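Going down the list, the sequences are from chains B and C. Reminder that position 104 of the first sequence reads as 88 in the numbering used here, one-by-one numbering, no gaps. Add 11 to the 1-based position in the second sequence for the numbering used here, that's all there is to it.
The set of hints was computed from the structure by calculation and includes no laboratory data. Predicted model only: the values in this text are computed from it and were never measured. Check each hint, because a few of them may be wrong.
Each computed BS3-like pair below joins lysine-lysine, with the alpha-carbon atoms no more than 27 Å apart [as the list claims (entries may be wrong)]:
1. C/K80 / C/K168
2. C/K58 / B/K(-1)
3. C/K62 / B/K(-1)
4. B/K143 / B/K171
5. B/K(-10) / C/K166
6. C/K166 / C/K62
7. C/K166 / B/K(-1)
8. C/K80 / B/K(-1)
9. B/K(-10) / C/K168
10. B/K82 / B/K(-1)
11. B/K143 / B/K86
12. B/K(-1) / C/K168
13. C/K80 / B/K(-10)
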Amino acid sequence: MSDLDKRLTDYYQSKTLNSSRMQAILAQSQRARRRRYYPALAAAAVLLVAVIGSWLGSWHQYSLKNQQTTLTLREAAMNHATRLQVDVEAGSLSVLQKNLNKLPFNLVMPEGSLYERLSLIGGRYCTISGNLAAHLKFTDPGTTEQYSLFMTPVATNLKSVDDSAMQIVGVDVSLWQENDVVYALAKSSVHSQ
Amino acid sequence: MIKDQNVVDIEYLNAGYRYAFSLSENQQDSEDLVHDAWIRLDKRYGKCPDKPLLFRTIRNLFIDQYRRKRKVQFSDFDEVRYDPAFEGREPGGVESAFETAYMEAEALQLQLDRLRYVEREALYLSVVEGYTADEVAQMTSSSRGTVLSLMHRAKGKLRRWLTPDEATGSDEPDNNNTVVKLTPGRNRS
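Using the sequences and the hints, build the whole thing.
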């Protein structure tokens, strides 16, 4: 290294960045580096909130739906268990329809072979979840068991009910939707009789 | 062995500052240049990736500023700067080794100031940073021949100017940032 090179090296090596400016740059740099992660963190937070919100919403919906189904099942079971007298005694659906003339819908039997062996006793007005409904009473000639069939058109608050079955206060009750009609069939449990 | 990022940052910042100083020969400008370049790289890459990129960013910023100054400050072309460090001092009149070193550094600074920035830059990158002529050419977007020529001319000028008999010699400065050593009474007015 020549003398000039050494002088140049010494001269430039003696130059160092002012310590306060060095600290200012490093501090600003740290802040800038942290800020780089802010969008990612914000996106992650938004995603997390969206996922949790969606999950809570679904859970809430499921909970409401489940609650409505249970309430409807319980109402059908209680109506069956109280064994109220029929308003109209009738052996056929057409006679019953004619006499229960305040019903805003036609009485239609659901599909299934069960109803072929049951004998219609009569029917009465009732409500299911606040909606006017028909309560048809049947008896099984072979076992003398009594059945209650409830039917009402699918109203807004009944759209969410699921097909389900449950035993409530000694009553086996099942609930389903068929051709825009909500049906509930109830009969006293065998072991509770 | 992996160095602590903070240590690397400090090394780069000091190297960047020296490089900026080789371009501008001004402390404040150099600090601003390295500061701006560092923050610019931080925003783009999240850190300073390497020294050559830092130097390139500083160089671009410096050239932008240099062009702006040239556009505005026409009167600077023939300006002669008076340096108070030389007031009342005679060559050989120093009293200690420390003072001698200081005077030599001052003299070198004054003569470096007379060089064109491209000459100082070539000298700094080659002599102080140890880059080869090819590497300097790549960093400064010029040819190897140009770099070698700049270094040769710069060293020749410095050797002549730093020789006591020729310190006030007749070399015409090549650029507009002229600094001439003056003693009181010789200032043009």
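Against the structure, the hints come out as follows:
| no. | hint | result |
| --- | --- | --- |
| 1 | C/K80 / C/K168 | holds (26 Å) |
| 2 | C/K58 / B/K(-1) | holds (23 Å) |
| 3 | C/K62 / B/K(-1) | holds (17 Å) |
| 4 | B/K143 / B/K171 | holds (24 Å) |
| 5 | B/K(-10) / C/K166 | holds (12 Å) |
| 6 | C/K166 / C/K62 | holds (25 Å) |
| 7 | C/K166 / B/K(-1) | holds (20 Å) |
| 8 | C/K80 / B/K(-1) | holds (24 Å) |
| 9 | B/K(-10) / C/K168 | holds (16 Å) |
| 10 | B/K82 / B/K(-1) | violated (108 Å) |
| 11 | B/K143 / B/K86 | holds (23 Å) |
| 12 | B/K(-1) / C/K168 | holds (22 Å) |
| 13 | C/K80 / B/K(-10) | violated (32 Å) |
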